[in-house]
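K.L.:
Dock chain B against chain A, hints included.
One line per chain: the protein sequences are A and B, in this order. The first sequence begins at 1242 in this note's numbering and counts up one residue at a time. The second sequence begins at 106 in this note's numbering and counts up one residue at a time.
Rather than coming from a laboratory, the hints here were simulated on the basis of the structure. It should be emphasised that the depicted structure is a prediction, and the values quoted were computed from it without experimental measurement. There could be a bad hint or two in this list.
To be verified - Here are a few chain B residues that sit away from chain A, every Cβ distance over 10 Å (derived from the structure):
(1) Leu111
(2) Gly134
(3) Thr160
(4) Pro168
(5) Leu176
(6) Ala265
To be verified - The following label-pair restraints were derived from C-beta to C-beta distances:
(7) A:Ile1268 <-> B:His279: 45 to 51 Å
(8) A:Asp1376 <-> B:Ile165: 17 to 23 Å
(9) A:Trp1253 <-> B:Trp275: 55 to 61 Å
(10) A:Phe1414 <-> B:Ile287: 22 to 28 Å
(11) B:Ser199 <-> A:Gly1277: 52 to 58 Å
(12) B:Phe198 <-> A:Val1314: 52 to 58 Å
(13) A:Asp1273 <-> B:Gln127: 40 to 46 Å
(14) B:Arg125 <-> A:Thr1331: 36 to 42 Å
(15) B:Ala177 <-> A:Met1448: 39 to 45 Å
(16) B:Leu176 <-> A:Arg1447: 36 to 42 Å
(17) B:Ser199 <-> A:Val1343: 45 to 51 Å
(18) B:Trp275 <-> A:Val1343: 37 to 43 Å
C-beta: ideal position from N, C-alpha, C; glycine also.
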Amino acid sequence: MKRLFAKDWWIWIVLPIMLLALYYDFIGSPNDVQLGASARILYFHIGSAAVAGIAFTVTAVASIGYLIQRTVVWDIWAAASAEIGTVFTTMILVSGTIWGRVAWGAWWTWDPRLTATLILWVIFAGYLLLREWSDNFERRATYSAIIALIAYIDVPIDYMTIRWWRSIHPVIFTNQGINMPVSMQIPMFLSMGAMTLVFILWMAVRMRLMRAEMGVVDLKNAIRSHIEG
Amino acid sequence: MMAFVLMVIFVFAFAVDTGRVQFSLVFPGTLWMAFLFAGMIGISRTYAHEVPEDTLTGLILAPGDRMTIFLAKLTTAFLFMIAMEAIATPIFFSLFNEPWNGSWGPMILVLVLGALGLVELGTLLSAISANLKSGEMIFTVLLFPFEIPVLICTVEATQAMLSVPSGNPWLWLHGLMAYDAIFLVLPLLLYEYLWEV
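Bound conformation, chain A alone (with noise of 0.2 Å):
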């Protein structure tokens, strides 16, 4: 156990700030005067799709650092981003879900936000696919960094659908301010703060994860133009 987290003691860091805002989601804050308590299920949707964002934001600067100085990093990089990208996306879309049948009385309306969240993730998926499908590491990387920019375009677009064209989706960050009491503030940043850290700590353990593969990768072919050389 000792030997397992020897890389990563700031994991002991990211615990108590995740159980903090846990506490917060589900005990330190009040229940919304509509929704009641279903409301609370907004800092996990909000947390999620903040890290989304983030993490294709690092897919797409390190598919444009691939592309210029065409070294593994990137690659690496931008693929363990985009595949954390694609789960945090999925929690948006689980997590709406739910809520939507609470909130709205339907589990699925064809909203810009839900449409343009919808058509990131399948593009994302479609992403992941091709960088299993493909077994040539150079092609792979280079087709992956040009998709994962075509895709990015996606999420100014998701952002700004709510701001843009009508939407039931409520706009909480305005240039006004930030729609929301202080009291329910609170938890939404710690999630958010909260499920960065987890971001960063799965992206630490995913590229090591990637960098043993590629290890392997090389290894099985030196052993093989060994046997046959």
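P.N.:
Okay, now just chain B, sitting in the frame of chain A:
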């Protein structure tokens, strides 16, 4: 492409009982879904022809800007799409007894912009999929979500034109123009990187 779109019309005629259903409500969606499927079949073959004889290597080695290869492929796919739309649209209208209430100018514009929207990213994705093991599958999986904005704008614009009294298609046409402009520039910026592997 043409044979495929005719088959889609044929299948739709049996799938939807036009006698009982008010078909005009789903007509624009049916029209553009047929164009999307037919376009997908046609565009996915854009680069596939170059693979068996490895003629793409010859094209890349030819003196001149590689951009011209992309633009030539894009233009060819676009012209095929336009030709298919020009033949299939009147057939659609006549076979489904859809009355024509719109004006020709915006209808031609939506057909041209829709075709352009479908082929721009399609040509880029076709270049990617031609070099991959499960290329055709990846092409389909990636093309559909990218083309959803085109589908929304074209269907809504067509619906606005055909409805009585007719609506305003320009909001959707402007959206389509923005999409076409973005996805014309982006592949042009990224296309060069495709050939470095």
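K.L.:
Please list, smallest to largest, the hint numbers that this structure does not respect.
P.N.:
As far as the earlier hints go, not one is violated by this structure.
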